[in-house]
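With chain A fixed as given, assemble chain B onto it according to the hints.
Protein sequences, first through last, are from chains A and B.
So the first sequence is residues 1 to 309, counted in our numbering.
So the second sequence is residues 1 to 309, counted in our numbering.
It is worth saying that the hints were derived from the structure and are not from the lab.
One or more hints might be untrue.
Below, in silico cross-link-like pairs of lysine-lysine (DSSO-like), each with a Cα-Cα straight-line distance of 27 angstroms or less [as the list claims (entries may be wrong)]:
no., chain 1, residue 1, chain 2, residue 2
1, B, K187, A, K199
2, B, K174, A, K187
3, B, K95, A, K45
4, B, K187, A, K187
5, B, K39, A, K89
6, B, K39, B, K57
Computed Cβ-Cβ distance ranges for the label pairs, DEER-style [said to hold, decoys possible]:
no., chain 1, residue 1, chain 2, residue 2, range
7, B, I183, A, N159, 28 to 38 angstroms
8, A, R269, B, K39, 24 to 34 angstroms
9, B, E223, A, D64, 27 to 37 angstroms
10, B, K97, A, S281, 47 to 57 angstroms
Don't be surprised by glycine CBs; every beta carbon is placed ideally from N, CA and C.
Number of protein chains: 2
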Amino acid sequence: MSLDILIEKIVEKQNPTVVGLDPKLDFVPGFIKQKFFFKHGETLKGAAKAIYYFNKKIIDEIADLVPAIKPQSAYYEMYGYEGVKTLYKTIEYAKSKGLYVIVDGKRNDIGATMEAYTNAYLGTTSVNSNVVEAFGADSLTVNGYLGTDGISPLIKACNEYDKSIFVLVKTSNKSSGELQDLIIGDKSVYNTMGDMCEKWGSECMGKYGYSAVGAVVGATYPEQLEEMRKALPHTFFLVPGYGAQGGGAEGVAKAFDAKGLGAIVNSSRAVMCAYQKEGYSEVDFAQAARDEVIRMKEDITSYIPAISL
Amino acid sequence: MSLDILIEKIVEKQNPTVVGLDPKLDFVPGFIKQKFFFKHGETLKGAAKAIYYFNKKIIDEIADLVPAIKPQSAYYEMYGYEGVKTLYKTIEYAKSKGLYVIVDGKRNDIGATMEAYTNAYLGTTSVNSNVVEAFGADSLTVNGYLGTDGISPLIKACNEYDKSIFVLVKTSNKSSGELQDLIIGDKSVYNTMGDMCEKWGSECMGKYGYSAVGAVVGATYPEQLEEMRKALPHTFFLVPGYGAQGGGAEGVAKAFDAKGLGAIVNSSRAVMCAYQKEGYSEVDFAQAARDEVIRMKEDITSYIPAISL
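Next comes chain A alone, as it looks inside the complex:
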């Protein structure tokens, strides 16, 4: 199972964190933008090329430290098809550096259409006799609101291509409770979604006790992280909201099991914009990102058990 691959990379690097590559153009240092705008004008293409350059340099600097990156699709789609091309190239480059790539797309649809999304991100696309990977990611975040037949094509691909998914369970935003915290019978909507993850995961169990169906559970709700870790023993967590959104390492630690596994914590802006802190200048952006990745790793691992299989 694909989450086994991620787990092995986490153990190898002794680092349960993932860097979110959500490259708003505002985050890209001015000297990089200048270079690409000079060549391509202030166009979507110029922006997309600047972002790719920025991503690549950050990947170069952090690839030996982190097991994974998580590009957020929205920040590429925002730059049109040129931006989506940068998403593709970023995935390709990160994989060439041995990183596990989680596309944060929160995709969802009914069965037949979900197959198309599955093909796009985790599987293959047939063009007559030619079979190609449209994006070639390792994992995709998805929204389970449509129920099992929106998830089945993904599970099939997890088994067939050794991939994984992360289903939104409890998100990190302020209003996540409006629907997710409401009570159905004796449990919340997010608990119900969590139970569905365990059920879906039973069809694609890995060898380290976790299935290929992970869950997104926000760092901004530590008490729920703790509750969910107990309730969903086979579900690996992707934890957004650390750092910039306010979730601390002590709270985040509740997402982990006794072996220091069971979760991977995301940080995006704090890494990408690390160079904006005192003591750095624009040209240090990649080194600043590396420093922040080390700081985050030390912060989180200081609160969790030693990481081992």
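The following block gives chain B in isolation, referenced to the frame of chain A:
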């Protein structure tokens, strides 16, 4: 409000239907594929170009009949960034023909990231001093699982740019009930989501009694269509599941109000693949699509009140 624009187009064309452009390569006639594979090889680019040609010819043939098209993003993403370029060009072409374009992307995320999706599809993207439309659609389908702060950026764009959204409420697939039909207090999850649509919509009301926040309610559940029409008087419905998925015109009619408004019914495969029916050959694909659009219009309008403002 943007839904007013759609409503006016529905009244003008006396047609409350939308053609879903979900162009799997299998749906594209062989002679078109041959032409583009000859030029570009059996590549994602060749596929994307064939799909654009197919879409364009269908749009040419139906633009005088229907108010809107609904490209399903998954079927473009499946062909990588080249496919996404075809999505962009399809939107652009359909708009040049006066059609209202609903991108079926079911996007969802937390506030800051949802802003990026909003910019991508409904708003504008700034590239330094240059402000451009990355996709330039009129409307986007979205998933409301994350609550209000995932919807707020969209509502702002609806007001600022005269756009609309359709929130998933009750989807047309078989397992939609697993979560959507569960009971929270005295109402279902989908009723709760519907109420949220009414609330969100109160911030962007149009002049014909409907807000810019529509709801996706599947044709495969007619009794729920009827119930929702009464419960959500200001929420316009996008109704998938007619035809191929088994929803009939009589059931679909329950989504409409006394003025023959309040809903737009989607058909995708039945239109795109109409040429596969007896009496047509591949080269008739556009004419066959037109014939099916006329049949669908007559079928549905025969069950609903006369359409008027």
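Taking the hints in turn, this is what the structure says about them:
1. Distance hint between B:K187 and A:K199 is fulfilled; the C-alpha atoms sit about 25 angstroms from each other, no more than 27 angstroms.
2. Taking the CA atoms of B:K174 and A:K187, the gap is near 23 angstroms; set against the 27 angstroms cutoff, the hint holds.
3. Distance check on the hinted pair: B:K95 and A:K45 sit about 23 angstroms apart at the alpha-carbon level, within 27 angstroms; holds.
4. For the given pair, B:K187 sits about 15 angstroms from A:K187 by alpha-carbon distance, which is consistent with the 27 angstroms threshold.
5. Simply put, B:K39 and A:K89 have alpha-carbon atoms about 24 angstroms apart, close enough for the 27 angstroms limit, and the pair holds.
6. The suggested pairing of B:K39 with B:K57 holds, with an alpha-carbon distance near 19 angstroms, which does not exceed 27 angstroms.
7. In this structure the hint that B:I183 and A:N159 lie 28 to 38 angstroms apart at CB holds, the actual value being about 33 angstroms.
8. The hinted window of 24 to 34 angstroms between A:R269 and B:K39 is violated, with their beta carbons roughly 43 angstroms apart.
9. For the pair B:E223 and A:D64, the supplied restraint of 27 to 37 angstroms is violated, since their beta-carbon distance comes to about 59 angstroms.
10. Between B:K97 and A:S281 the Cβ separation comes to about 51 angstroms, which falls inside the hinted range of 47 to 57 angstroms.
Checked against the numbered hints given earlier, this structure breaks hints 8 and 9; the rest are met.
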